[in-house]
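Peer 1: Okay, here's what each chain looks like letter by letter:
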Amino acid sequence: MAITLVILVVFPFLVAAASLALPIAISRYLTIFTGMTTFALSLSLVPAAADHAQVAAGSLLRVDALSVVFVVATTFLYGATGMFAAGYLRLAEGAPGRRYGRRFYAGINLFCWSMLIAPIVNGLALLWVAIEVTTVISALLVAIDDTDGATEASWKYVLIASLGLGIALFATIIMYYAGTTVFGAAYNLSFTKLLAGARHFPPDVVRLSFVLAVLGFGTKMGLFPVHTWLPDAHSEAPTPISALLSGALLAVSFYAILRYYQIAVRSLGSNFPRNVLLIFGLASLLIAALYLLSQHDLKRLLAYSSVEHMGILAIGMSFGAPIAIVGVLLHVLAHAAAKGTAFFGAGSVVRKFGTKDMRRIRGGIEALPWSGSMLVVAVLALSGMPPFGIFRSEFLIVEGGMSDPREEIAALMVVLITLAFFGLSWYTTRTMLSPKQGSSDDGQTLALPTPAKGEVSNWIVAAMVAGALALVILGVHPPAQLGHLLSRASAELAVVR
Amino acid sequence: MAPAPSTYAGVADVAAVLVLLTEFAMLRAPLLRSQVRLYAFQSLVVTGLAVDIAVVRHVGDLYALAIVSFVLKVVLVPGLVLRLLGDADMDLAGSSVLGVASMILIALAVSAFGFFAVGSLQVHSAALPTTALAIAAAVILVAFVLIILRADVVSQAIGFFSLENGVSVASLVVAAGLPLVVEVAFLFDLLVAVVVFGVIMRVHHDRANTLSTEKLDRLKG
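Protein sequence lines correspond, in order, to chains A and B. If you're matching positions, the first sequence starts at 1 in this note's numbering and goes up one per residue. If you're matching positions, the second sequence starts at 1 in this note's numbering and goes up one per residue.
Rather than coming from a laboratory, the hints here were simulated on the basis of the structure. Among these hints, one or two may not hold up.
Claimed, not checked - Below, computed lysine-lysine pairings styled on DSS-like, alpha-carbon distance capped at 27 Å:
#1 K356/A with K453/A
#2 K193/A with K220/B
#3 K215/B with K193/A
To be verified - Which bits of chain B does chain A cover? Going by a derived footprint, with three or more residues having C-beta under 8 Å, they are:
#4 15-29
#5 152-165
#6 170-182
All C-beta atoms, glycine included, are put in the ideal place defined by N, C-alpha and C.
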């Protein structure tokens, strides 16, 4: 098992380096192959992580049930995005296209690598380093299209996310200081050590560190009020990058918060950490639900839906019941599949119609019979419709919330999710389902693009089928091993002193 | 470990105060070039603090850290930003939202908040000068003021780098025992971040022909 960890950490990095030199036709298949291989490897970790406390390779690499959940989510999107990118990229002829393609494939493999090592490294300090690496690589990928919008988005992203991570670094230092009271001046920040000593840490210091960590990593996770970079970066980045940002990167930052949560509940008891997450979660869900009601840009709409779902994750953690935490972790997986599929569909629509403005897109399903219908399916899945994974995970979260003494919060959450459902499905279903000749909101007839019928690429359809299949499996009957893994991770998170 | 002499705490506090004062000086510096030089000076103080702690507390690793930190933060980073400024042919800082006096007043209030909030945690430790931790918190908050109120990419980037200096001060005074590999990883990350900041600043300058952020207002809603 240890060798699996080493392969997961080394292989994508080598592929990224190779993509700089190889012809694009080869890196295209190599990326898909790497994504699928790492996904298979991460699945092979599931039984071991569900049965043992941890799998470690040396002192630097270590996974437990919690990390494997995030490794599986990231590697799934790695493979699916590889397929999608093969269909999405239209590279210009000659040298510029070749340069772009090489940068793109080196970047996307490096980005996936950095998101993959974050849950595998052992310790808060290395975790911070890995997440900072994800920031710098993804900022360059957001800027890769070299338009005014992309430049603005990437500047906002790199500045705001780096500042957030500056705060997270401060949180790391302060947690280190909390540890010095138990372990002496020099020790390493490995999880096993911190979790073992956490109950003796000075509570005020842990409190400060936890709040700073939620604020700092919350910036990258997209929690209100530090989510402001997110819609810009998601809408201006090339769509394969948007899918990875939304489905995997936000989740990896959430993983970092969960690690601090694990230490904080052992040191402080669960009330304080849960209340902090509740405030950030409710505010994010509320803001996202309101923005979703007035959004015309397809990719920004999906971006605000990410803020919504990150809010749901934070609220789910704040319920604290083991069943709600199982729901939260399942939600991470289901959101990765659903948001990936939705962005793939959006990419297909944007390629077909040449615009992201949903007021100018009509007859999506007529033009794109496969990817159009699956976009609708993905949006319904994102809104919490059965039989998809997000229905199950939100159901579990609400069920956990009902067992909480403050059950009105669960009710409020359901109301806000319903509001978000209206916003999310209203424009997308109109865009996709209404006939080609439409009129805009104020009655004027607009000159709408009317592209010919036919899919942009079969690669896109294949990537979307993979995502939809995962959503159905997670919703109808998650494999027993996965359930076992989620329960174990939930038990680890719910431990209170 | 031998109990640290009190002069050690004094030196650490003085260094932290110097870092904070430099941060204030950056707020009022009208020229981008002088802002970069102030950052280099601030980094030099942080490096000096690292050497001091290495000597007093016999932490051999910190010498290596001080060398890396000197090369990176006193020489390389300011050098890179100054080269960008030379190419960009723009030296006056972009118009800030507020006048210098109001900025300083806000920064004073914010740094007092940081100082007393972290100070009130009552973190006591025989070996560690915790006053410097409170001052480091003030430095971080003033860096935010700088980034929020200055409207050009260079000031904003320098604000981020100096925020990292504030965190460095905190890590030197309360986490001097942090393993060297981790410290070097932090610094390596900073280097990568600087390169990426530089790339995006250059792209922005090439597209907008200015270093000001006033044009960066297309994406809303």
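Peer 1: Could you run down the list of hints and mark each one as holding or not?
Peer 2: Results of checking the hints against the structure:
no.	hint	verdict
1	K356/A with K453/A	holds, 18 Å
2	K193/A with K220/B	violated, 45 Å
3	K215/B with K193/A	violated, 49 Å
4	15-29	violated (count 0)
5	152-165	holds (count 6)
6	170-182	holds (count 9)
Taken one by one, the earlier hints fail for this structure at numbers 2, 3, 4, listed in ascending order.
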